[in-house]
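Engineer: Okay, here's what each chain looks like letter by letter:
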Amino acid sequence: MWRGLWTLQARAARGLLRLCSRHGSGVPAPGSGATIFALSSGQGRCGVAVIRTSGPASGPALRGLTAGRDLPPARSASLRLLSDPRSGEPLDRALVLWFPGPQSFTGEDCAEFHVHGGFAVVSGVLQALGGVPGLRPAEAGEFTRRAFARGKLSLTEVEGLADLIHAETEAQRRQALRQLDGELGRLCHDWAETLTTALAHVEAYIDFSEDDNLEEDVLERVDSSVRGLEAALGAHLRDARRGQRLRSGAHVVVAGPPNAGKSSLVNLLSRKPVSIVSPEPGTTRDVLETPVDLAGFPALLSDTAGLREGVGPVEQEGVRRARARLEQADLILAVLDASDLTSPSSCNFLDSVVAHLATQSTNESSQRLLLVLNKLDLLSSEGPGFSPDLPPHLLLSCLTGEGLESLLEALRKELAALCGDPSTGPPLLTRARHQHHLQACLDALGHYKEARDLALAAEGLRVARGHLARLTGGGGTEEILDVIFRDFCVGK
Amino acid sequence: MFSLQSCGRRVAGSLTKRHLLLARFSGESGAPRSPHFDVVVIGGGHAGTEAAAAAARCGSRTLLLTHRVDTIGQMSCNPSFGGIGKGHLMREVDALDGLCSRICDQSGVHYKVLNQRKGPAVRGLRAQIDRKLYKQNMQKEILNTPLLTVQEGAVEDLILTEPEPEHTGKCRASGVVLVDGSTIYAESVILTTGTFLRGMVIIGLEMNPAGRLGDQPSIGLAQTLEKLGFVVGRLKTGTPPRIAKDSINFSILNKHMPDNPPIPFSFVNETVWIKPEDQLPCYLTHTSPRVDEIVLENLHLNSHVKETTRGPRYCPSIESKVLRFPNRVHQVWLEPEGMDSDLIYPQGLSVTLPAELQEKMITCIRGLEKAKMIQPGYGVQYDYLDPRQITPSLETRLVQRLFFAGQINGTTGYEEAAAQGVIAGINASHRVSRKPPFVISRTEGYIGVLIDDLTTLGTNEPYRMFTSRVEFRLSLRPDNADSRLTFRGYKEAGCVSQQRYERASWMKSTLEEGISVLKSIEFSHAKWKKLIPEASISIVKSLPISALDVLKYEEVDMKLLAKAVPEPLKKYTECRELAERLKIEATYESAAFRQQQEIEEVQRDEALQLPKDLDYLTLRDVSLSQEAREKLHFSRPQTIGAASRIPGVTPAAIINLLRFVKTTQHRRAA
Numbered sequence: 001m002w003r004g005l006w007t008l009q010a011r012a013a014r015g016l017l018r019l020c021s022r023h024g025s026g027v028p029a030p031g032s033g034a035t036i037f038a039l040s041s042g043q044g045r046c047g048v049a050v051i052r053t054s055g056p057a058s059g060p061a062l063r064g065l066t067a068g069r070d071l072p073p074a075r076s077a078s079l080r081l082l083s084d085p086r087s088g089e090p091l092d093r094a095l096v097l098w099f100p101g102p103q104s105f106t107g108e109d110c111a112e113f114h115v116h117g118g119f120a121v122v123s124g125v126l127q128a129l130g131g132v133p134g135l136r137p138a139e140a141g142e143f144t145r146r147a148f149a150r151g152k153l154s155l156t157e158v159e160g161l162a163d164l165i166h167a168e169t170e171a172q173r174r175q176a177l178r179q180l181d182g183e184l185g186r187l188c189h190d191w192a193e194t195l196t197t198a199l200a201h202v203e204a205y206i207d208f209s210e211d212d213n214l215e216e217d218v219l220e221r222v223d224s225s226v227r228g229l230e231a232a233l234g235a236h237l238r239d240a241r242r243g244q245r246l247r248s249g250a251h252v253v254v255a256g257p258p259n260a261g262k263s264s265l266v267n268l269l270s271r272k273p274v275s276i277v278s279p280e281p282g283t284t285r286d287v288l289e290t291p292v293d294l295a296g297f298p299a300l301l302s303d304t305a306g307l308r309e310g311v312g313p314v315e316q317e318g319v320r321r322a323r324a325r326l327e328q329a330d331l332i333l334a335v336l337d338a339s340d341l342t343s344p345s346s347c348n349f350l351d352s353v354v355a356h357l358a359t360q361s362t363n364e365s366s367q368r369l370l371l372v373l374n375k376l377d378l379l380s381s382e383g384p385g386f387s388p389d390l391p392p393h394l395l396l397s398c399l400t401g402e403g404l405e406s407l408l409e410a411l412r413k414e415l416a417a418l419c420g421d422p423s424t425g426p427p428l429l430t431r432a433r434h435q436h437h438l439q440a441c442l443d444a445l446g447h448y449k450e451a452r453d454l455a456l457a458a459e460g461l462r463v464a465r466g467h468l469a470r471l472t473g474g475g476g477t478e479e480i481l482d483v484i485f486r487d488f489c490v491g492k
Numbered sequence: 001m002f003s004l005q006s007c008g009r010r011v012a013g014s015l016t017k018r019h020l021l022l023a024r025f026s027g028e029s030g031a032p033r034s035p036h037f038d039v040v041v042i043g044g045g046h047a048g049t050e051a052a053a054a055a056a057r058c059g060s061r062t063l064l065l066t067h068r069v070d071t072i073g074q075m076s077c078n079p080s081f082g083g084i085g086k087g088h089l090m091r092e093v094d095a096l097d098g099l100c101s102r103i104c105d106q107s108g109v110h111y112k113v114l115n116q117r118k119g120p121a122v123r124g125l126r127a128q129i130d131r132k133l134y135k136q137n138m139q140k141e142i143l144n145t146p147l148l149t150v151q152e153g154a155v156e157d158l159i160l161t162e163p164e165p166e167h168t169g170k171c172r173a174s175g176v177v178l179v180d181g182s183t184i185y186a187e188s189v190i191l192t193t194g195t196f197l198r199g200m201v202i203i204g205l206e207m208n209p210a211g212r213l214g215d216q217p218s219i220g221l222a223q224t225l226e227k228l229g230f231v232v233g234r235l236k237t238g239t240p241p242r243i244a245k246d247s248i249n250f251s252i253l254n255k256h257m258p259d260n261p262p263i264p265f266s267f268v269n270e271t272v273w274i275k276p277e278d279q280l281p282c283y284l285t286h287t288s289p290r291v292d293e294i295v296l297e298n299l300h301l302n303s304h305v306k307e308t309t310r311g312p313r314y315c316p317s318i319e320s321k322v323l324r325f326p327n328r329v330h331q332v333w334l335e336p337e338g339m340d341s342d343l344i345y346p347q348g349l350s351v352t353l354p355a356e357l358q359e360k361m362i363t364c365i366r367g368l369e370k371a372k373m374i375q376p377g378y379g380v381q382y383d384y385l386d387p388r389q390i391t392p393s394l395e396t397r398l399v400q401r402l403f404f405a406g407q408i409n410g411t412t413g414y415e416e417a418a419a420q421g422v423i424a425g426i427n428a429s430h431r432v433s434r435k436p437p438f439v440i441s442r443t444e445g446y447i448g449v450l451i452d453d454l455t456t457l458g459t460n461e462p463y464r465m466f467t468s469r470v471e472f473r474l475s476l477r478p479d480n481a482d483s484r485l486t487f488r489g490y491k492e493a494g495c496v497s498q499q500r501y502e503r504a505s506w507m508k509s510t511l512e513e514g515i516s517v518l519k520s521i522e523f524s525h526a527k528w529k530k531l532i533p534e535a536s537i538s539i540v541k542s543l544p545i546s547a548l549d550v551l552k553y554e555e556v557d558m559k560l561l562a563k564a565v566p567e568p569l570k571k572y573t574e575c576r577e578l579a580e581r582l583k584i585e586a587t588y589e590s591a592a593f594r595q596q597q598e599i600e601e602v603q604r605d606e607a608l609q610l611p612k613d614l615d616y617l618t619l620r621d622v623s624l625s626q627e628a629r630e631k632l633h634f635s636r637p638q639t640i641g642a643a644s645r646i647p648g649v650t651p652a653a654i655i656n657l658l659r660f661v662k663t664t665q666h667r668r669a670a
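Protein sequence lines, in the order shown, are assigned to chains F and W.
Counting with UniProt numbering, you get residues 1 to 492 for the letters of the first sequence.
Counting with UniProt numbering, you get residues 1 to 670 for the letters of the second sequence.
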């Protein structure tokens with residue numbers, strides 16, 4: 001038999017763990033973990049964006065952003081001027097709501113900020129919240145999970161939860177893949193590696209140095225790599241341009257076999273000649289991307305090399321990049337030559353890409369896909385119909401523009417679903433998350449430097465590494481032990 | 001490293017008729033000729049002694065079965081206890097009123113606290129122990145423990161009966177069959193067989209079945225466990241040769257002196273048995289390039305090492321050190337084996353070369369040029385049972401009321417064994433008296449980390465405790481093990497004496513009082529600077545600070561503070577331990593506070609229990625990947641917290657599980 005989920009409270013920490021922790025200054029007393037925040041409205045075009053917090057520091061955060069004014073009356077909207085508590089810089093005039101626990105969505109203290117939906121305002125408020133002590137960006141599904149853990153969701157609401165979490169983790173995974181596929185990603189990985197090695201060496205010094213002959217200068221080397229890391233992180237955080245490199249908008253990738261007309265479609269949708277088009281298969285060798293406004297939604301449109309095997313090394317690389325980009329797509333525009341559906345490359349593409357995605361139900365919120373049959377103009381008007389096995393598709397002629405209206409309508413529906421759904425991991429929040437963890441990593445390195453006690457110093461590095469791991473993945477104990485046993489001859 | 005999947009031997013488990021018949025026969029005959037105990041512990045090593053004593057302390061009539069009574073408490077390998085991480089475990093065992101810390105305080109010959117300058121959270125209490133004394137003292141303790149009986153005998157088989165329907169498991173352990181055919185009945189059985197399950201001792205190319213040099217292995221028991229369907233793996237360990245003390249030229253070696261005064265392991269001892277000046281020194285020497293040559297030239301004569309090419313990541317043998325880190329000298333510590341022992345233990349020289357080559361190798365080491373080898377080093381290979389098959393109370397999921405502790409679970413080290421022994425003993429006893437399982441969380445102790453790692457993740461190399469495995473290292477310190485565990489040990493486990501409980505209560509309340517007093521004393525920075533000129537207090541700041549904040553300065557301790565503010569602080573310096581612990585609390589206050597949130601998040605997930613009888617492989621209505629299903633099926637995490645630590649179980653899978661549990665609960669309630 002198992003005990004009920006709801007009646008159980010976490011077993012109170014025993015003994016001295018709590019002894020010293022009751023009298024913290026400034027920060028609210030612990031009791032329910034960290035306070036989280038997130039943009040909870042969709043990212044499409046909207047007049048008002050809603051940002052939510054949940055946790056014991058919600059009250060202080062609300063006061064902090066409203067220049068220290070008293071909390072508004074519970075559960076009623078008040079108009080306040082929001083400003084950044086650190087710089088004092090005004091952000092927006094907004095409606096704020098205060099929901100003291102347990103009568104709130106998550107059962108914890110919650111605050112809501114209804115701000116004007118502009119990019120700069122939302123981004124400013126998120127960054128201001130990230131700077132409030134005790135607050136951190138929410139993980140995938142964390143709000144819902146907290147509500148769930150406190151019995152605040154009805155059974156029907158719970159039903160949708162797993163799908164939501166799946167969607168969020170999937171979207172975050174794609175988002176992370178995109179982020180890490182670039183200069184910023186390489187930087188983060190390098191930093192994480194440096195930090196892992198530094199921590200492992202300090203740990204080796206703690207766990208082994210007295211019995212085993214570790215080199216004398218282990219700690220000095222760690223000090224110098226931490227100094228280097230601090231400088232790099234500091235420079236990165238001061239350089240605002242790097243933050244802009246996170247690409248925003250839904251990622252729409254045009255893919256298909258060679259010479260299906262992918263580049264023509266990209267040019268048509270972006271209304272400018274992004275890609276070179278020619279009748280020769282394999283004209284596009286690299287991934288070309290262009291920001292576009294598709295049916296009113298911001299999107300990043302990528303043209304990719306036609307997928308085929310057994311070609312020269314340059315085109316092979318193009319194909320590899322195309323496949324990598326497919327992995328990161330939110331929406332795939334699969335383009336086939338309507339007059340060439342039975343060719344091996346078309347069949348192959350249908351089997352390997354289209355069939356795979358078309359069979360998944362949409363509420364699993366894996367990637368979405370629109371199948372477009374191009375070159376409608378080449379079909380004879382009374383030619384044989386398409387095979388009934390073909391998944392739902394749209395007909396188009398890039399040459400004549402026939403079918404463009406219905407394609408745009410389909411795109412609008414897909415993008416509305418994608419962007420209206422908070423699960424796609426709004427880039428604004430991604431950016432706030434990024435900055436939050438990098439800043440927290442830098443702060444923790446400060447604790448390392450201050451500490452005279454080696455256990456405290458190691459804790460600084462551990463916390464710093466934890467923040468980077470939120471961006472890069474990894475970060476377990478086994479990784480540390482691997483480095484220790486790789487770099488040192490220890491053990492009896 | 002070998003993988004369990006490829007090398008493990010899994011035999012479809014089916015109860016043999018023999019077992020059930022035997023049990024039924026005895027049931028029908030109703031003849032209580034066979035003795036009957038609450039708890040039977042098999043094995044008298046470090047896990048077995050702690051398990052037996054803990055079960056007896058909890059009030060169970062307990063039997064300790066061992067091959068030979070005179071090997072109870074034998075230290076089969078190194079003549080030392082404790083160290084970094086291991087010392088933490090000993091303190092926790094002591095906080096639960098276990099034996100090894102107290103016995104070490106009566107048997108040590110060289111006490112030394114490691115990491116003294118690196119911070120109290122990572123200090124490692126360690127001592128060289130007199131083997132003979134340890135054994136004597138342990139035997140005296142075991143033979144005088146109320147409710148505990150000791151019997152010699154080799155166990156051949158388990159008595160298995162029909163399972164209790166309200167628990168999972170295909171059958172129930174109800175006693176043991178000895179080699180001579182006699183039977184002993186028990187309500188719970190604890191196996192602590194160490195390296196004896198199909199143990200094999202290896203020197204050079206020679207392999208002999210033995211659990212330890214000179215002792216028979218257990219083969220029948222290993223077969224029974226395999227037949228029951230336990231997944232079995234194989235591990236290796238080794239021990240160095242022993243050298244005649246009088247053949248070593250100590251005068252040219254680096255001498256290392258013990259602490260003066262020695263710090264005791266146990267919370268209940270103020271001092272250790274030995275006078276500080278009577279302690280024995282250790283010596284340090286190093287290998288030479290010639291040692292490398294001998295190892296490398298003779299790899300073909302070394303079957304243990306050949307197979308170790310994929311061995312553990314750390315370097316237990318001199319061969320692996322030479323192979324993995326060539327062209328270096330390696331440390332060899334020469335450790336005394338006891339007050340009146342003629343032997344020296346060369347720590348760091350674990351080796352499995354043929355004996356004559358070992359002797360040759362030894363003489364290539366500085367100070368050992370004329371050394372006489374008394375006993376060769378050897379390797380041991382033995383079976384262990386994948387610890388993901390046991391619950392955090394150390395009971396097996398396949399067989400009810402059967403508990404495993406120590407090396408059988410894939411760990412290495414006396415302290416790791418002792419820690420599991422205490423927990424197995426308490427839980428075996430609780431099972432009999434129908435009390436809930438006693439589980440220590442990873443947020444409460446190193447014991448919790450050890451058992452959670454084993455039962456959730458398993459291991460494929462001998463698992464050793466390191467402080468780096470412990471996320472909450474700053475809170476789980478050697479100094480406060482009593483505050484963390486003694487109260488639970490007294491109230492929930494029932495394994496702690498009244499005297500120890502009262503001592504821990506006094507310490508806890510005095511500490512709390514001391515901290516609030518320290519917080520209440522506030523002066524300006526300038527005044528503190530005047531009172532304690534030694535401290536690097538900045539007088540630029542104008543805000544007043546408390547005595548607790550001042551105590552955080554590295555150079556300030558309670559003595560200095562009490563000199564500055566005698567009233568009311570003087571009384572907190574009278575007890576050395578109290579004064580030290582106040583200083584430690586101050587040192588870690590801010591960090592412990594920062595960690596508190598993280599601790600609470602872990603505890604929240606640990607409070608969400610998963611049903612024990614879920615069949616993850618066939619469960620419908622839950623969307624789980626095949627990988628997640630298999631991992632959950634094998635590890636059977638008891639809480640959402642444990643499930644989320646299994647690699648391959650995604651956040652989405654966790655929520656799916658929560659949803660399923662909630663739905664089922666709803667239906668059952670309806």
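In short, the hints are calculated from the structure, not lab data.
Mixed in with the good hints, there may be bad ones.
[Said to hold, decoys possible] Here are a few chain W residues that sit away from chain F, every Cβ distance over 10 Å (derived from the structure): (1) ILE219; (2) PHE325; (3) ARG328; (4) SER341; (5) ARG469; (6) GLU600; (7) ARG604.
[What the hints assert, rightly or not] Calculated pairs, DSS-like style, for lysine-lysine (alpha carbon to alpha carbon, straight line, at most 30 Å): (8) W:LYS508 with W:LYS570; (9) W:LYS527 with W:LYS570; (10) W:LYS527 with W:LYS132; (11) F:LYS449 with W:LYS135; (12) F:LYS449 with W:LYS519; (13) W:LYS559 with F:LYS449; (14) F:LYS449 with W:LYS372; (15) W:LYS508 with W:LYS541; (16) W:LYS491 with F:LYS449; (17) W:LYS563 with W:LYS552; (18) F:LYS413 with F:LYS272; (19) F:LYS449 with W:LYS530; (20) W:LYS360 with W:LYS255; (21) W:LYS559 with W:LYS571; (22) F:LYS449 with W:LYS306.
From the three backbone atoms N, C-alpha and C, an ideal C-beta is built for every residue, glycine too.
Engineer: Which numbered conditions among the earlier hints are violated in the structure presented, ordered from lowest to highest?
Structural biologist: 2, 3, 5, 6, 7, 10, 11, 14, 15, 16 and 22
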